[in-house]
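Start from the sequences and build out the full structure, keeping to the hints where you can.
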Amino acid sequence: MLLRDLHVGERARVLGFAEGGGAYRRKLLSMGLTPGAELSVTRVAPMGDPVEIRVRGFALSLRRDEADALSVERL
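First residue of the sequence shown? That's 1 in the UniProt record's numbering, and the numbers climb one at a time after it.
I should point out that these hints are in silico values taken from the structure, not numbers from a laboratory. Keep in mind that the hints are not guaranteed to be accurate.
With beta-carbon atoms standing in for the labels, derived distance ranges [to be verified]:
{"hint": "1", "residue 1": "46", "residue 2": "19", "range": "17 to 23 Å"}
{"hint": "2", "residue 1": "26", "residue 2": "46", "range": "25 to 31 Å"}
{"hint": "3", "residue 1": "46", "residue 2": "16", "range": "25 to 31 Å"}
{"hint": "4", "residue 1": "64", "residue 2": "9", "range": "28 to 34 Å"}
{"hint": "5", "residue 1": "59", "residue 2": "19", "range": "26 to 32 Å"}
Glycine residues also receive a C-beta, built at the ideal position from the N, C-alpha and C atoms.
Below, the structure is given as C-alpha cells:
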C-alpha cells in the first residue's frame, strides 16, 4: 500500500519505495523515512496534497508525488 492510502490517525511502517520512486528515494531517506521506520498521519489537506506525517519525533509534510513514492504497511 502507498502512504496516500492512509487516513488521519492511522499508523504505518515504511517497507520501502514504490516502483518509479527513484527520484525521491534519496530525499526521503535523508528525511528519516528509512525501511522499518514507524509513522502516523496527522493531517491531510482538503485536496489531498500535502499530507503531514509524524516520524521519528518530528512533523513532516510530503507532497503527493513524494507520498506516492513511499510503500508502507498499516499497523
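Unsatisfied constraints (hint numbers, rising): Failing hints, ascending: 1, 4.
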